[in-house]
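Asks: Each chain, written out:
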Amino acid sequence: MLFLDVPPDTTRFFYSAYAIIFVTLTFYVISLIVRWNNLRNELDALNELEKDSK
Amino acid sequence: MNRAAPRRSSTVAGSFLRAVGAIAWKDLAAELRSRELLSAMLVFALLVILIFNFALELDVKTRATITAGVLWVTFAFAGTLGLNRSMAVEKDQGCLDGLLLAPVDRSAIYFGKVVSNLAFMLIVEAIVLPVYSFLYNTNVVSLGLVGVILLGSIGYVAVGTLLSSMAVQTRTRDVMLPILLFPVIVPVLVAAVKASSGFLQGLPMNEILPWLNLLVVYDIIFIAIAFMVFDYVVEE
Amino acid sequence: MTPTPRALRVLEIISFLLLVAAVWMVFFFAPLEAVMGAVQKVFYFHVANAWVGMLGFIAAGISGIAYLRTHDMKWDIVEVAAVEISLVFFLIAIVTGSIWAYPVWNTWWTWDPRLTTAAILELIYIAYMLLRQGIEDPERRARFGAVYTLIGGLSVPLTFMSIRLFRTIHPVVVGGSNAAAQGGFDMSPRMLQSMLFSILVFSVIFITLFWHRIRIGVLAQTVEQLKLKLTQ
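Chains as they are written, first to last, in numbering that gives the first Met the number 0: chain A, 0 to 53; chain B, 0 to 235; chain C, 0 to 231.
Quick caveat, the hints were computed from the structure, so don't treat them as lab data.
Given the structure is predicted, the values throughout are model-derived calculations rather than measurements.
Certain hints may be false.
Some, not all, of what chain C presents toward chain B, calculated at C-beta under 10 Å [said to hold, decoys possible]:
(1) Ile125
(2) Gln132
(3) Ile134
(4) Arg142
(5) Phe143
(6) Phe159
One side only, chain C facing chain A, incomplete, derived with CB under 8 Å [as the list claims (entries may be wrong)]:
(7) Leu31
(8) Ala33
(9) Met35
(10) Ala37
(11) Tyr101
(12) Pro102
(13) Leu229
Straight-line C-alpha distance at most 20 Å; calculated EDC-like pairs for lysine to aspartate or glutamate [as the list claims (entries may be wrong)]:
(14) B:Lys90 - B:Glu35
(15) C:Lys226 - C:Asp136
(16) C:Lys226 - A:Glu49
(17) B:Lys90 - C:Asp136
(18) C:Lys73 - C:Glu223
(19) C:Lys73 - C:Glu138
(20) B:Lys25 - B:Asp96
(21) A:Lys50 - C:Glu223
(22) C:Lys226 - A:Glu41
(23) C:Lys228 - A:Glu41
(24) C:Lys228 - C:Asp136
(25) C:Lys228 - A:Glu49
(26) C:Lys226 - A:Glu47
(27) C:Lys226 - A:Asp43
(28) B:Lys90 - B:Asp173
(29) B:Lys90 - B:Asp104
(30) C:Lys228 - A:Glu47
(31) C:Lys226 - A:Asp51
(32) B:Lys90 - B:Glu234
(33) C:Lys73 - C:Asp136
(34) B:Lys90 - C:Glu135
(35) C:Lys228 - A:Asp51
(36) C:Lys228 - A:Asp43
(37) A:Lys53 - A:Asp43
(38) C:Lys228 - C:Glu135
(39) C:Lys226 - C:Glu135
Where is the CB? At the ideal position from N, CA and C, for every residue including glycine.
Start from the sequences and build out the full structure, keeping to the hints where you can.
Replies: Shown next as structure tokens:
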């Protein structure tokens, strides 16, 4: 490897890696939120059903 | 868990072995009559070798280094077929429930299935080896190789029997087994391929020995774990 | 359903702030490496994610054993949460590692012991999730999941050892003898600090997400039980 005065420009890899990290984490967090809300709604609906059937 | 009534230890061991033998023999006898499973495994194995022939353009020199890999891939795939069918038959015909009701240690069921699955796999391997030698005009049959194939198959079947008992109880059944089995069986396959390759290339024994040792260690570990955990997989 | 505990809310805020701090550190505090350039900085979050992925693996294994011994469903909830989160973090680690590898090693992938074991580990995580999806009965799902984490947990270290042995006995002739040598670098103090801080940050993020995922698991169990009760 040549010893350059200036390091090679690998910034596009750097940025894409960090973009992937954030996109993935964001997707996962969103999926957690969505799943939580769906379950909450389901629970509320089931509780309603239980109340009605009593 | 069912246990036999307290007896002198020699009789308990005897009845355990008898149970294992009975379960293994049930499968072997059934197979002797129908020969469905063996023919399916065998034809499949030979087809895989055929496909490798076209896929890999094996000249004599290259062949020496990758024969071990080709053989083990073949055995792994054919083995999956055998494991799947063997368990599916149990489940579909309700045999498994019947076995579980019998006053027999659950681990006897595990070992019985391992013995019969191993027998099927070894029979297929015993036929594939000479056929491979014939097709490629090299002699792959040697005592060392046979030993490695035996050890590797034991490890493969030990884990495979456990995982196929699980896979057969899922919705996706047959497809599930390779997905579960292959990542987990890598240590056995690596050691088996390296040892096989050693014998095929005529490497000195001291180079092959570490792989054989590894294989024996893996076999012991996997058999021990699988048999301890088998209860949890078949309990109702 | 129980509202988010205050401790968890605080943890969320701390995680977010720590993440911002870590990003700042990586972008501005950590020095530019001479040989590889900017891409070396991928290392910080790559190592942090891999570390956290391994943590989850261990947590899953422990939960599996705990479930088999106690048959308490809470261990199953913990186990699936650990596997799911580790799956995500480890995937990030593998992908970022690959992106780092390309300009440095001139290849997206090599089959050295660590990478091969990482790929197998990720496949085991995925197999685990597929296994669970194929089982309706919650009790059986828990049992099988625990058994598989046990088998996987044993197999992965063995795999790593065998492949390591594999590589030392037969040195890689094609593609460079020691992959680690091309891409290794001496860490200056700032680099070390950035790395350690990143590991800390992702550990905190792991705990936050883990807690949330467990809450989802508990809620899902409540819903499932209620459904069962109402259909009887």
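Asks: If a hint holds in the structure, say so; if it doesn't, say that too.
Replies: Outcome of the hint check:
Of the supplied interface hints, the one on isoleucine 125 (chain C) holds, with its beta-carbon coming within about 8 Å of a beta-carbon of chain B, less than 10 Å. Annotation: glutamine 132 (chain C) was flagged as interfacial toward chain B, and the flag holds, the nearest CB pair being 8 Å apart, inside 10 Å. A least Cβ separation of about 5 Å between isoleucine 134 (chain C) and chain B falls short of the 10 Å threshold, and the interface hint therefore holds. Look at arginine 142 (chain C): its Cβ gets to within about 5 Å of chain B, closer than 10 Å, so that hint holds up.
Interface hint at phenylalanine 143 (chain C): satisfied, since its Cβ lies 5 Å from the closest Cβ of chain B, which is below the 10 Å cut-off. The criterion of a C-beta within 10 Å of any C-beta in chain B is met by phenylalanine 159 (chain C), whose closest approach is roughly 9 Å, and the hint holds. A least Cβ separation of about 6 Å between leucine 31 (chain C) and chain A falls short of the 8 Å threshold, and the interface hint therefore holds. Hint status for alanine 33 (chain C) relative to chain A: holds, with the closest Cβ pair at about 5 Å, below 8 Å.
Evaluation of the methionine 35 (chain C) hint against chain A yields a held restraint, the C-beta minimum of about 6 Å falling below 8 Å. Checking alanine 37 (chain C) against chain A by beta carbon gives a least distance of about 4 Å; that is within 8 Å, so the hint holds. Against a cut-off of 8 Å between C-beta atoms, the interface hint on tyrosine 101 (chain C) holds, since the closest Cβ of chain A lies about 7 Å away. The beta carbon of proline 102 (chain C) is positioned within 8 Å of a beta carbon in chain A (closest approach about 5 Å), and the interface hint is therefore held.
This hint holds: leucine 229 (chain C) has a C-beta 6 Å from the nearest C-beta of chain A, less than the 8 Å allowed. At most 20 Å may separate the alpha-carbon atoms for a hinted pair to count; lysine 90 (chain B) and glutamate 35 (chain B) meet this at roughly 17 Å. For the suggested pair lysine 226 (chain C) and aspartate 136 (chain C), the alpha carbons sit about 13 Å apart, so the restraint of at most 20 Å is met. Simply put, lysine 226 (chain C) and glutamate 49 (chain A) have alpha-carbon atoms about 10 Å apart, close enough for the 20 Å limit, and the pair holds.
For the hint linking lysine 90 (chain B) to aspartate 136 (chain C), the alpha-carbon distance of about 17 Å falls within 20 Å, and the restraint holds. The suggested pairing of lysine 73 (chain C) with glutamate 223 (chain C) holds, with an alpha-carbon distance near 14 Å, which does not exceed 20 Å. Of the pairs offered as hints, the one joining lysine 73 (chain C) and glutamate 138 (chain C) holds, with about 11 Å between alpha carbons and a cut-off of 20 Å not exceeded. Using a Cα cut-off of 20 Å, the hinted pair lysine 25 (chain B) and aspartate 96 (chain B) holds, with the two alpha carbons roughly 15 Å apart.
Between the alpha carbons of lysine 50 (chain A) and glutamate 223 (chain C) the distance comes to roughly 17 Å, so the proposed pair stays at or under 20 Å and holds. The straight-line distance between the Cα atoms of lysine 226 (chain C) and glutamate 41 (chain A) is roughly 10 Å, inside the 20 Å bound, and the hint therefore holds. Between lysine 228 (chain C) and glutamate 41 (chain A) the alpha-carbon distance is near 14 Å, which keeps this suggested pair within the 20 Å criterion. Annotation: proposed proximity of lysine 228 (chain C) to aspartate 136 (chain C) holds, straight-line Cα distance about 15 Å (limit 20 Å).
Taking the CA atoms of lysine 228 (chain C) and glutamate 49 (chain A), the gap is about 9 Å. The hint holds against a cut of 20 Å. Of the supplied pair hints, the one linking lysine 226 (chain C) and glutamate 47 (chain A) holds, its CA atoms being roughly 12 Å apart against a limit of 20 Å. Between lysine 226 (chain C) and aspartate 43 (chain A) the alpha-carbon distance is near 12 Å, which keeps this suggested pair within the 20 Å criterion. The hinted pair formed by lysine 90 (chain B) and aspartate 173 (chain B) meets the criterion: a straight-line CA distance of about 13 Å does not exceed 20 Å.
Between lysine 90 (chain B) and aspartate 104 (chain B), the direct Cα distance comes to roughly 19 Å. Compliance with the 20 Å bound is thereby established for this hinted pair. A threshold of 20 Å between alpha carbons decides the hint, and for lysine 228 (chain C) with glutamate 47 (chain A) the separation of about 14 Å falls inside it, so the pair holds. Between lysine 226 (chain C) and aspartate 51 (chain A), the direct Cα distance comes to roughly 14 Å. Compliance with the 20 Å bound is thereby established for this hinted pair. Our distance criterion of 20 Å between C-alpha atoms is met by lysine 90 (chain B) and glutamate 234 (chain B), whose separation comes to about 13 Å.
With a C-alpha separation of about 16 Å, the suggested pair lysine 73 (chain C) and aspartate 136 (chain C) falls inside the 20 Å cut-off, and the hint holds. Taken as a hint, the lysine 90 (chain B) and glutamate 135 (chain C) pair is honoured in the structure, with Cα atoms around 17 Å apart against an allowance of 20 Å. Proximity of lysine 228 (chain C) to aspartate 51 (chain A) is assessed by CA-CA distance (about 14 Å); at most 20 Å being required, the pair is judged to hold. Distance check on the hinted pair: lysine 228 (chain C) and aspartate 43 (chain A) sit about 15 Å apart at the alpha-carbon level, within 20 Å; holds.
With a C-alpha separation of about 16 Å, the suggested pair lysine 53 (chain A) and aspartate 43 (chain A) falls inside the 20 Å cut-off, and the hint holds. Between lysine 228 (chain C) and glutamate 135 (chain C), the direct Cα distance comes to roughly 16 Å. Compliance with the 20 Å bound is thereby established for this hinted pair. Restraint check for lysine 226 (chain C) and glutamate 135 (chain C): the C-alpha separation of about 13 Å stays at or below 20 Å, so the hint holds.
This entry satisfies every hint, going by the numbered hints stated previously.
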